[in-house]
Structures are given as structure tokens and as C-alpha cells.
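K.L.:
Residue-level listing of the chains:
Protein chains: 2
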Amino acid sequence: MNLKEISKKIMKGDFGNLLNLHPSEVAKMLGPIPFEISIQGFLSLPESKQSKVFPYLDLLLQKKMIKSLSKVEATFILNDLSSDDRFILYSSLRGVELSTYIKLLNEINKDSLHDILGYPEDSVARLINTDFATITKEATIAEAIDHLRKHHKDSEAANVIYVVSKDGKLIDDIPVRRFVLNDPSKKVSEIFDGSYVSLKMTDKKEDAIAKFKEYDRTVLPVTNNENILLGVLTVDDVLDIAEQRDTKQIQNFGGVEGLDYPYVKTSFFSLVKKRATWLIVLFIGEMLTATAMGYFDVEISKAVVLALFVPLIISSGGNSGSQAATLIIRAMALNELTIKDWWFVMKREILSGLTLGLILGSIGFIRIAIWQNLHFYNYGTHWFLLALTIFFSLIGIIMWGTLSGSMIPILLKKLKLDPATSSAPLVATLVDVTGLIIYFSIAAVILKGTIL
Amino acid sequence: MNLKEISKKIMKGDFGNLLNLHPSEVAKMLGPIPFEISIQGFLSLPESKQSKVFPYLDLLLQKKMIKSLSKVEATFILNDLSSDDRFILYSSLRGVELSTYIKLLNEINKDSLHDILGYPEDSVARLINTDFATITKEATIAEAIDHLRKHHKDSEAANVIYVVSKDGKLIDDIPVRRFVLNDPSKKVSEIFDGSYVSLKMTDKKEDAIAKFKEYDRTVLPVTNNENILLGVLTVDDVLDIAEQRDTKQIQNFGGVEGLDYPYVKTSFFSLVKKRATWLIVLFIGEMLTATAMGYFDVEISKAVVLALFVPLIISSGGNSGSQAATLIIRAMALNELTIKDWWFVMKREILSGLTLGLILGSIGFIRIAIWQNLHFYNYGTHWFLLALTIFFSLIGIIMWGTLSGSMIPILLKKLKLDPATSSAPLVATLVDVTGLIIYFSIAAVILKGTIL
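From first to last, the protein sequence lines stand for chains A and B. Residue numbering for the first sequence follows the working numbering, starting at -17 and increasing by one per position. Residue numbering for the second sequence follows the working numbering, starting at -17 and increasing by one per position.
What the hints contain is simulated information worked out from the structure, not anything from laboratory work. There may be inaccurate statements among the hints.
Now the in silico label distances, taken between C-beta atoms and shown as ranges [what the hints assert, rightly or not]:
hint, chain 1, residue 1, chain 2, residue 2, range
1, A, Lys92, B, Ser26, 53 to 59 Å
2, A, Gln226, B, Leu393, 50 to 56 Å
3, B, Pro16, A, Asn355, 40 to 46 Å
4, B, Lys255, A, Phe326, 17 to 23 Å
5, B, Leu316, A, Leu397, 29 to 35 Å
6, A, Ile84, B, Ile15, 37 to 43 Å
7, B, Met(-7), A, Val427, 50 to 56 Å
8, A, Lys186, B, Ser344, 54 to 60 Å
9, B, Ile266, A, Gly(-5), 57 to 63 Å
10, A, Gly(-5), B, Leu316, 48 to 54 Å
11, A, Pro102, B, Ser344, 34 to 40 Å
12, B, Val246, A, Ser30, 50 to 56 Å
Every residue gets a Cβ at the ideal spot worked out from N, C-alpha and C, and that includes glycine.
Using the sequences plus the hints, can you model the full thing?
P.N.:
If you want it as C-alpha cells, here you go:
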């Protein structure tokens, strides 16, 4: 039976097939249907499966379900969640709700939740899983295996075993396969090399992504400053945070504040709010263009033809600026580029701007020449000087665009601000307003005594 | 000794410390220094370490090094690479170079390379690792462990064992921890459940990312259409392709063709080429604004004041368009939204556009009223009608921006084109040109008989 048929049966209240599906598939079935049906489907599952399915539901549905469950059911599920999933749920709760559900946790889970909440929001601590397996180096492999069988169920947590000292300090990590590949009578100390890669609780999530990529790991231990092992971070969480970071960056580039939920799950009001903020900031910035244009109203009334090219000219500056900003911001986000490289970038972008300006300037020049000589539009007797004005303005504006587009992100980073969030409005406003000034100044020089 | 001190020693030709570093750290040390020194450092390592370090070097350096190695050294390294790393290197080679280095491979590696090259570039096949461990279900755990010890070294490949039939068809995957957690006399068939998640060779890389996220796996088996196991895909490669996809998307949003290498590694010529293409396309599209403005030259000469607001008006349309496009494109890339949702999106975006338009329109109106009444600028006796024109134009243009920004990506996807690549220039041109027409048409209606 395929998923579509199962879905139909579910809508009719027949939940038998859910039992044989992977927890993530069950969550997929229960997500988009009316809540009254999905909660029934959820409750039809045995308890052990419920707590496997629960973390795959989206956050809004998780909250709704927990509220509809009996206290006994909720207690079971909340305590059975892995610590990272539990943390994500709890950190989305507020006020009375938060304290109500904290009361349902057992002492161990309550403590670990409180510990995690003490760390900054962008720190690795907020993502750790506190379910991990430890042994001492004096144990033999056989003893370690025995310990594993007694204390760990068949979960991802048993893939890597951590060797710790008596006071809980991390000594090494051993992939469980090494137990299989070696003689059981060997001691743990014989099969490790004492070299491991770890994260600190206070490390930034960003740095965790970089470390996973650099060392090609699937799980990394997380310690406090005394090197005491407090949890592990798994690569699936890293994949999620990398995707969230990129989504936020992409939305920032598009001039939207990063959304907290997917587009379809974001309420209309919150969507408009996130967009309005930026649009208003950009709009107020762009108001300066009206002011700048006001200074040149005499020139425009003398030579209306100058106004015709205003949109073309400033959009070219804006495009070259956003190209440069995008390249630099992404390169900095991936640590390919640091603030120190500013001089390398500046030289490169001035030269790029010159080249690109020459190309677009020539096209602009040719456009006017063709339109004039094929009589598509009459730019007047001084069309050649006008074409020259466009040519030099484009070079100037595009160079200015690449330069400010590349330098503003670096400057913002230097000032410890997030370049992805703040660059777009600054670059757009600066390039547009300055672009107008460059254009009309060049026009004043070239066209003085003829049409101006 | 910290990495900085080691780096200093390396520059002096003292490579002793490289031995104790993690392969990725060695690669980090050898990457940015002059090639003559880095090749010496590389050759100072024992062969087994060389082939561990090699995959961490960046692609350009890999190629340079292989060329500088003796035939014997190159043969060893090329055959010792994991199949996915080998494939990445070979697929960057062309012509004589490619055939020269293919000759250095042994028969097995040559065959698997050829097999992989037969699949499309965006398929999972291009990323698989052909080093994996298999057993039959009739074996006992003890036999399976024995087999592992004989045939597999201590590498990631031994983390999951695949149960296959006699003709190589995939039956199940068993994490190696399950061997440890169960009694060695049990048969393999007793500890598996026959339910597994797998990828097909022809699956798109995109779909692989989604599957890893959905099932929270660190490794997935890859089969052909007959379900015969051909390789495995590991999550570290998935992390890389997700990041590459996002980088390309981000660059596309910024109006740049996706770069093949990081910004700092991309040659000046190729950087300018990738940027020029888009700038020219956008420029030619934006030329239509000059044509559109040409139609209204009489209006502009009668009321120069109208020209002053052109940059403000069209940038608002552009910004609201790019906001909408960004949100929709990203939501589609993450499968949160499909083409079928177009009506939901359209209703939402029209309403968003109206709300945002009312907000910005009011700000624009107030701006003119204040400037006029505080004598910052004199818009003439009919300033109130001008302010009304700006108000209604902003509403119209912003609604048009959100509508086309959201619908063009969906339309492009429907036409099987990549929305991330093609939306930006289309949206920008359409919104700017149409924006001008909306603005001057509204002006014609409101201002007719007064200043027009």
C-alpha cells in the first residue's frame, strides 16, 4: 500500500497502517490533516512509538498535541524525548505553559534542561544530546561491551563510546566498530590514541558546522571549560542548523527579516511585520534619492532627457553593489575570507568594477547611438555628448557599487554587526543616492554649455 | 605547540610536527603556503598519511600535487583514495590529463569510476563511496564479526553492515553497534527487521539531502533499479552538497552566476565573466525603463517634480518584489511549498502587497506633506495632488511587486526552469518597467488639468 492510500484510510479513522511506518513517515501523515484526526491517530499508537514519532512532528503541532494529552501521557512523552528535542520544545514555551511542563519532568531531565538554558542562544550547548555512553580506560573491551548491553538501548547514542577519567574528564572517543574489530580481552587503553576532536558548550553553532565539515565526523563530544564531558552533538542537528543559517541569510539578502517558521506556517500578520520593517527602512533610506534629485531639478527641467536614464543608471549601480555584497558576505560566512583580507578584496573589486563598468558603459553608449541613428528616439543634436555622459556615469557608478558592496560587509563585521542582516539596506541606499550625484555631476561637466 | 608555531616551523622546512596532526589540520597547514614548500611537506609524510591528507587539500592543490608526484607515488595515492574523493578529482580533469591518470588506476577502481561517470551530474551516483561491508543473512554475528576483521580496516565504512542476498540485492542495514549489543551466537537474520531506507543511483542530490534530514541518518545505501547495492552515501558529503546548493542559491539571489570555487580561489577573469553575464542581462532588461520613460517625456517636462520620485517609487517595487521572490524560492527549494500551492500564495501576496503598499504609501504621503509645510522643498500649489499620486502609485507598484515576485518563481518551476537562477532579472525588469507605467498613468489621472 502506498502512502497516499494509507493517508486516505487515516482520514476515515483507520490507523492500523501507521504501526508499520517509519516514525518520520507517521509524522508526515499526521502533519497536514485536521487536528482532531491527527491526535486520534497519534493516540492509537503504542506509547513507545508515540515518543519516537513526536520529535518528527513540527513544533506547532507538538505544542498542540502536548496540550491535548492527559498528564500521564504527556509526562511519559516529555521524559522520553532525547534531550535536544526536549530542549527545542521547551525553549519555544513561555510563562505558565513553560513552568507547567517543566513540572512533568523527572529530576535528571529537569536539571539538564536548566543547565542548557543557562547558555547563550547561539551556543552549541543549546543543541546537545545528554544521552551518551562512557567507560573508563582501565576496562577491557569485554567489560565495555557488557556495560553497553546493560545501560544502552539500540540507539544512535551507542555508536561512539567516550573514554572518561574518574572525574568525568574526556580522554578519547572510540567508535563502537573498534570493539568489534579488536580482541575482546584487550583493554580500552590499548585501542585508543588519545587524540579526539571536541566542542565546548560555549562554542557558537557556526563553529560547530565548520568543525564537522573539517573533520568529517558524524558526532562530536561537547565539554565544559574543565573538559568534563556534558553531551554530544550529532551531525543531523548540524545539517539542520546549517540549513537554518542559510535560509536566514537568503531571506536577509532578499530584504526580509529571517522567518521563525516556514513561509506556509508563518501567520499573515507576522509575515507582513517581518517584511514591513525592512521595506520601511529601505524606503526611508531611498527617500534620500528624492532629496538628491531635488538638488538637480533645474538640470532636469533644462534637459528632460537626463531623467529618462535615471532608472537604468541607478539599477546598474544597485545590481553591481548587491553582487559584490553577496559574494563577500557568503565567503565570510563560510570562513573563506576574513576581515584581514580587506585590501585584497578592495583591489580586486575596484578592478572588477572598472571592467564591468567599461562593458556596461559601452553597451549604454551603443544603445543611444543606435536609437538616435535609427530614429527610435530623438535625443537632440547633442546625443553624442549624452551618450558619453551615460558611458562615464556607468563606469563611475558601477565602480562605486562594487567598492561599497564589498567594503560595507567587511566594515560591519569589523564593528561586530551581522553583515547578512545589515548590508542590503546600507548598500542599496548608499549606491542609489551616490549614483544620482555621480550621474548629474558628470552630466554637468560634459553637457555644460550645450543642453545644460 | 599551537598551529601558528607549527606553521612557522614548516616555512623553515621543519616538517616533523605534521606527523602528529589530524589529516585535515595538515591540509590546512599546507594549503596557503608556497607550493614548493607544501609539496616538500607532503612528501615528508609516510605514504599512509599522505593518502589521508590528500582528500582534505583543495581541488586545485590536489591537481597540482598529483602532477608533481612520481608515477609510483601518484599511483598509490590515486588508488588509495575513497571512491567519492577519487571521483571528485577525476571529474575535474579533462582530455589527456584525464586519460593519463585513469591509466594509473587498478581494474576495480577504473571500472567503478567509469560506472559512476555514466550517471547524470546532479545524481546521487556521483557521490557514492564504493567501500562498504556486506554479509548474508544466514551468517551468525560471530561470523560477521570475523568477516569484518578480515576485510575491513578501521574506517567509517565499517559503521554499518549491509545484509545482501546472494545476487547482491539489499535486504537490510545493521549498525555495527547491534553486533556488540547482541549475543554473538545469534544469526544476522535474528537482529534485523528488513526495513531500511535507501537511495537510487539516479536520485537527485537534492532528494538525498531531504532523505537524510527526514530519517536522521548518517549513512544511506545506494542501489540501482534492480535493488543491487552499489555504494553508500555519507552525511558529510550531504552537508557539503547542501552548503554548495545554498551558496549557489545565495549567489543567484545576489545576481551572480554560481561560482565553481570559493571567491578567493576564483580567478579574476572568471569572476568578472560570471558577474558580467548577469549584469548585462539585467542592463538590457532595464533599458526598457529608458524606453518607458521616453513615452512620458512630455509629462516629465511639464512636471519635473514627477521625475524626482522615480527612483523611490521603482526601488520600492523592486524591494517588495525581491522579498516575495526570495521567500517563495527558498520555500520551494526546501519543499515547504509546491506549484500546487499557487492560489494560496497568490491570495496571500495580494493581501500582503495591499497592506505593505498602504504602509509605505502613507509614509510617502506624509513625507511630501512635511517637506512642503516645513518648506524643505516646494512641490508647488498642487502638492496635495502630487502626494496622492505617490500614495496610490506606491500601493499599485508594491502590490504588483509582491504578485509578480511570488508568481514568476512558481511559473518558472512549472516550466521546469530553475527559479533561483532566472527569477531575479525577470522580476527586476518586469517590476521596474511596469512600475514606471503604473506611476505615470496614475499621475495622468490625478494631475490632469492641474500640472499635467
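K.L.:
Hint by hint, which ones does the structure fall short of?
P.N.:
Hints 2, 3, 6, 8, 10 are the ones this structure does not satisfy, whereas the remaining hints hold.
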